[in-house]
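**Q** Taken in order, these protein sequences are the chains called Y and H. Numbering-wise (the working numbering), the first sequence opens with residue 1 and increments by one. Numbering-wise (the working numbering), the second sequence opens with residue 1001 and increments by one.
Be aware that one or more of the hints could be misleading.
[Claimed, not checked] Derived lysine to any residue pairs resembling SDA-like cross-links, with alpha carbons at most 25 Å apart:
| hint | chain 1 | residue 1 | chain 2 | residue 2 |
| --- | --- | --- | --- | --- |
| 1 | H | K1082 | H | D1296 |
| 2 | H | K1219 | H | T1491 |
| 3 | H | K1082 | Y | M172 |
| 4 | H | K1076 | Y | V277 |
| 5 | H | K1082 | Y | S275 |
| 6 | H | K1034 | H | Q1129 |
| 7 | H | K1082 | Y | L291 |
| 8 | H | K1076 | Y | T169 |
| 9 | H | K1082 | Y | R279 |
| 10 | H | K1082 | Y | G272 |
| 11 | H | K1076 | H | D1304 |
| 12 | H | K1219 | H | K1074 |
| 13 | H | K1337 | H | T1460 |
| 14 | H | K1076 | H | N1329 |
| 15 | H | K1082 | Y | T136 |
| 16 | H | K1076 | H | F1090 |
| 17 | H | K1074 | H | N1329 |
| 18 | H | K1206 | H | N1329 |
| 19 | H | K1082 | Y | I271 |
| 20 | H | K1015 | H | T1491 |
| 21 | H | K1392 | H | E1166 |
| 22 | H | K1082 | Y | L276 |
| 23 | H | K1337 | H | D1292 |
| 24 | H | K1082 | Y | L270 |
| 25 | H | K1074 | H | I1089 |
| 26 | H | K1076 | Y | L276 |
Simulated from the structure, these hints should not be mistaken for laboratory data.
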Amino acid sequence: MHTIPCIDSAQARRVLGLGAFTVVAVGLLLILLTIPTPVGAASPAQGSATEGQTIFEAKCAGCHTIGGGKLVGPDLQGVTGLRDADWLTKWITDPAALVASGDQTAVDLVGEFGTTMPTLGLSPDEVASLIAYLDTTGGPAPSGSPTASTAPAEPLPPGDAQRGRELYTGAMRFTNGGPPCLSCHTIAGIGALGGGAMGPDHTDVYSRLGDAVITFPQTGTMLPIFGPDPLTPQEQADLLAFFRTAPVAERSFEAIWVLIGLAVLGALVLIGIASLVWRNRATEPVRVRMLRGTLPSQNHTKRTEG
Amino acid sequence: MDIRSHVSMVFHLDKCIGCHTCTVACKNIWTDRKGTEYMYWNNVETKPGTGYPTRWEDQEQYRGGWVLDEKGGKLKLRLQGKWGTLANIFYNPYLPSIDDYFEPWTYDYQNLFTAPEGDDQPTARAVSQITGRYMDTIEAGPNWDDDLGGSPVYADNDPNLDGATEEERRQIAEIDRTVFFYLPRICNHCLNPGCVAACPAGAIYKRAEDGIVLISQDKCRAWRMCISGCPYKKTYFNWSTGKSEKCILCYPRLESGQPPACFHSCVGRIRYIGLVLYDADMIQEAAMAPSDQLVDAQRAAIQDPFDPMVIAAARRNGIPDSKIQAAQNSPVYKFVKRWGLALPLHPDFRTLPMLFYVPPLGPVTSKMENGAYETVDAGAEGLAPMLAALDKSRVSLRYMASLFSAGNEDIVREVYYKLMAVRIYMRGKTVQDVTQAEVDEALALAGLSGSEAEAIFRLTSLPTYEERFVVPPMERETAIQAQFPDIDPLTRKASTGFGFREDPARRW
Ligand code: SF4
Ligand code: SF4
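Just chain H, with the same shape it has in the complex:
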């Protein structure tokens, strides 16, 4: 047992209102520099949709993540092995192009003041932030298909619909029945990161004490293999500095006790952050589990912070008690392990992402009826209609399973039973139009107790700031000393955080 600590995250999708505040917060702090205009370390996608960059989930095109070699029983990068890296070192053929992200632009506002007098109002034309030329047609943006806008092409080409029936496809496009939800994405700070494995320069590393995945701006040599290697397309190439960059989970904020900016600013309060303890010895096993057991294997790797054996093993590895305590208070542990509500995004990529999502219930159970938006009424005819709604839902369970459980519909179904049980339980308490028998039936089906349902309700709907963000004491100095006993942590005080202490020699 090799217990380590990991700063991990949960996004509760039912609460996301798609406001992009998180995106703007991140953009303003980290990617408003030259060369980063097109980057969105945090972005919010509309699902069904093709996302950013276009069809990032389509690994046939982008070759991200890992595949299980059936014969050898080995885990291989889908991109390439050592020899492939060598053969393609100057020419990585599977990069998304700027057209797959979008060409960033600003506006020629100056023209509004300096235009000569004329018959028409002056306008501020769009100017490319890459070429500096006017852009007459803007063909894509970071959230081009926001709220299913644009054209049906985008929703229809969601890779998660690849196995969908014609009926399911028609449903999504049908007016009045159309349905969507939001999927905010940041780097998942994976346990088995594809980006790290793909980098030929060894520039990407995962901090042992908190699991944050970072790219060394000194060591990066611009091979851009991480961009292909990450199946979530969450590393980006800065064309100005010639280095790759990615979400750093706002570690400077974490180290001063604040949650990351996107968490802090989240309007829907959908985001939770906390420490989990995991067993590093189980990573390989979890990454190589058969597809339908991937979620369970990853859950198994996350350990109970109350278990005395786990605590002892954590202490042996130099994890301070303050962190063990933080892990015990972690909302992430509750959502992921204790309640089993939060699922990893695309576990089929086998990177063991450490950002978990509570799948949205709204699009599954709500519908338009008599011109009004309704959720299925549980009270009217017992539980039957509500449970039946699961299989008749407009975003099919298969779709959700493709996103959150590598195709295992049973796992998603269990989560939905729990989410619905909590609603029925609370309805029984507040509206009181459900009988106690029905409440008990729902809880039994979900395998929840009344107090658990209460706790889930509380952490979902009424959590305080301190309950959502249990930022552990980062104790960098302890971590540095545990790893390098000879180094005085204070010598690291002035070392580079993000960016350059010296400008890179080569810069556009």
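In isolation and in its complexed conformation, chain Y is listed as follows:
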């Protein structure tokens, strides 16, 4: 029996039919299990300190202070005295590339803060302005303080972890219409399926960043999303309460086995439905069946006796 792609022999078609469902099921499984992480890119000149200040407030202040102590990243007071301008330019332009190049300072920073600085997508002029601004802030670099010690500038109202969870998963909408965290992030304790894979996993975010986590939305990726639709102080408080209480432990891997089980079961159900819906399909060429004598019309009892 030979088959060609156009008019496949029926047997090949049946195999293909089963194959298609297996492929769909396995594909689904893979999508559920794969958690890719995106990477960005940017380019490196001249600038004014006032422009630099604007940039700092818009893009850096979420994670850095000048003279306010460590936040997500280090206190930047006196940073221009600590590192030369060339290194700073490279670092601000594309932190990931610098880390990848094996630069010792960069690698150490990542080691200390547990995360690389996001790529901000600044133009060479903007980078220069930013460095010019940092240069004006002067003063000696302050000694480090423990991460948890720093709190957001304005005191937040008391938060409700349950409401925070609902805001996180999208069960409750943000007042200003921002998308729920779940669409890009995941976190332990929100069910076996988890959330999105675009942004980092939030499971250990509170232990890493402390209360500062709630100012994190001011990074380059988050800003375009939440800049126009900011969180209200109450929402920030609720989320913070959720981050603090819910995800202390890592996500359990049992959930993944449950998922695999469900996927296999789902595939079986689909195959079952398919074989029921298409139970009349031709499974073998008519000619082959005719030569073997198994066509329905070859049932001689049906014929009129002569």
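Fit chain H with the ligands to the supplied structure of chain Y, relying on the hints for placement.
**A** Below, chain H with the ligands alone, put in the same frame as chain Y:
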């Protein structure tokens, strides 16, 4: 009354010698491209036999054509309705496989020149035109059971024998009594085509001005529903281009005044082509007629081109006088309507095929006697033996009725009475061993006049090229303007005929 014109065909089966010249002519012009190796837009089958693809008439397997929904009084595709199409869109379960056609092959001729010296003659082994690998066993071909060759399995499994008695089956297999005839087939360019109805992409259309059914190579999306939908299995899937293809009735030849290549090359001169006028308002009624009236209903839809009312209605629809005149000269009109000799193949599929066959008389009346092949001698004992032969014939009337009249034996019998009357009439004239009384009796039985018998004889046996092929002036420009008054017909001059102006993106 909505009168339209249709290029229609008649095949006179008594004249077909089974030479396959038509098949070769078509193959060389249209299907010698990659992906079409297995296609035979024209093929010639031996009957009884299973044909190409195997048992194509078995709609229990292939689900082609239409069925009448007894309850709703509606005509439905046997294949599926809208929802069925949706459910099966990626997976049509009723396709014939390449095994049902045959795996096309060529030979490794090069080996004859390049084989190293050895003790044996080099051979040219068969090579599959699909996989490119050697084929050690060839199991099927486009005319595998030609002349009842191969094995008795094929004749015995002819779907038209499904209701046959054991006696009838034994007769066909018996040596010296065995009998067969040829059935050349092309697309019937049906009035109610199953292929068009089954296509989810709307890629198949019937040209309004001449009825030719075509598949748009741009719109075809390879769903392959037409292959199931056509009960004659006359659309084929090109695996190289990913498009379906079918007989185009050589419209480029027609448009330049020539008959289609298979007609032109036919050695037996069995083929006739001509225009008929039909009433489009009657299509639905004809397709839904009760089985035993299908042939009559289809004949009724074909209109008399001499009737002033029909002519007026044709003019109203923009049919030019040149075409009306062509319809009046049409040999098809004569065979199908005036004489009632030519019948549609399998009207029970309800697609209203516009290719008509004059059933063969030879296998019905001839026999082996004293070691010689004889036709029944009418002269010896009057008409009785000849007429009796009809019911004792080795290919039973039931078989012919299954092929040509949806099981209505009376219709086939009428045709045979006419065919025999013409023979008796001519025998009375030339051999003169039949009495005038017998001739008159035969003509009366057939309902023919002497001059009609003469005309039938003439168009059957001695037609000129111009009488067989009355190719109407196609007047595409008039037709385009009648349909699209705003379009300058000349803009269509360079548009795609058959094939691609741009290669399809996806190609194997
Ligand atoms: S015979 Fe031709 S027109 Fe009729 S259904 Fe088949 S492909 Fe269509
Ligand atoms: S060329 Fe004519 S005679 Fe020969 S097989 Fe074809 S239809 Fe019959």
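**Q** If a hint holds in the structure, say so; if it does not, say that too.
**A** Hints versus structure:
For the proposed pair K1082 (chain H) and D1296 (chain H), the alpha carbon gap of about 31 Å is over 25 Å, so the pair is violated. A hinted pair counts as satisfied when its Cα atoms are at most 25 Å apart, and K1219 (chain H) with T1491 (chain H) qualifies at roughly 20 Å. A hinted pair counts as satisfied when its Cα atoms are at most 25 Å apart, and K1082 (chain H) with M172 (chain Y) does not qualify at roughly 42 Å. Under the criterion of a C-alpha separation no larger than 25 Å, the hint pairing K1076 (chain H) with V277 (chain Y) is consistent with the structure, at around 20 Å.
In summary, the hint linking K1082 (chain H) to S275 (chain Y) is supported, as the alpha carbons are separated by about 21 Å, within the 25 Å threshold. At most 25 Å may separate the alpha-carbon atoms for a hinted pair to count; K1034 (chain H) and Q1129 (chain H) meet this at roughly 9 Å. For the hint linking K1082 (chain H) to L291 (chain Y), the alpha-carbon distance of about 35 Å lies beyond 25 Å, and the restraint is violated. Annotation: proposed proximity of K1076 (chain H) to T169 (chain Y) is violated, straight-line Cα distance about 51 Å (limit 25 Å).
Between K1082 (chain H) and R279 (chain Y), the direct Cα distance comes to roughly 19 Å. Compliance with the 25 Å bound is thereby established for this hinted pair. With a C-alpha separation of about 23 Å, the suggested pair K1082 (chain H) and G272 (chain Y) falls inside the 25 Å cut-off, and the hint holds. Between K1076 (chain H) and D1304 (chain H), the direct Cα distance comes to roughly 30 Å. Violation of the 25 Å bound is thereby established for this hinted pair. As the CA atoms of K1219 (chain H) and K1074 (chain H) are separated by approximately 29 Å, the hinted pair breaks the 25 Å bound.
Simply put, K1337 (chain H) and T1460 (chain H) have alpha-carbon atoms about 15 Å apart, close enough for the 25 Å limit, and the pair holds. Between K1076 (chain H) and N1329 (chain H) the alpha-carbon distance is near 36 Å, which puts this suggested pair outside the 25 Å criterion. Restraint check: the Cα-Cα separation between K1082 (chain H) and T136 (chain Y) comes to about 74 Å, which exceeds 25 Å; the hinted pair is violated. The suggested pairing of K1076 (chain H) with F1090 (chain H) holds, with an alpha-carbon distance near 21 Å, which does not exceed 25 Å.
Between K1074 (chain H) and N1329 (chain H), the direct Cα distance comes to roughly 37 Å. Violation of the 25 Å bound is thereby established for this hinted pair. Proximity of K1206 (chain H) to N1329 (chain H) is assessed by CA-CA distance (about 24 Å); at most 25 Å being required, the pair is judged to hold. Between the alpha carbons of K1082 (chain H) and I271 (chain Y) the distance comes to roughly 23 Å, so the proposed pair stays at or under 25 Å and holds. Using a Cα cut-off of 25 Å, the hinted pair K1015 (chain H) and T1491 (chain H) is violated, with the two alpha carbons roughly 44 Å apart.
Taking the CA atoms of K1392 (chain H) and E1166 (chain H), the gap is near 15 Å; set against the 25 Å cutoff, the hint holds. The suggested pairing of K1082 (chain H) with L276 (chain Y) holds, with an alpha-carbon distance near 19 Å, which does not exceed 25 Å. As the CA atoms of K1337 (chain H) and D1292 (chain H) are separated by approximately 18 Å, the hinted pair is consistent with the 25 Å bound. This hinted pair checks out: K1082 (chain H) and L270 (chain Y) have alpha carbons roughly 22 Å apart, not beyond 25 Å.
For the hint linking K1074 (chain H) to I1089 (chain H), the alpha-carbon distance of about 23 Å falls within 25 Å, and the restraint holds. A hinted pair counts as satisfied when its Cα atoms are at most 25 Å apart, and K1076 (chain H) with L276 (chain Y) qualifies at roughly 23 Å.
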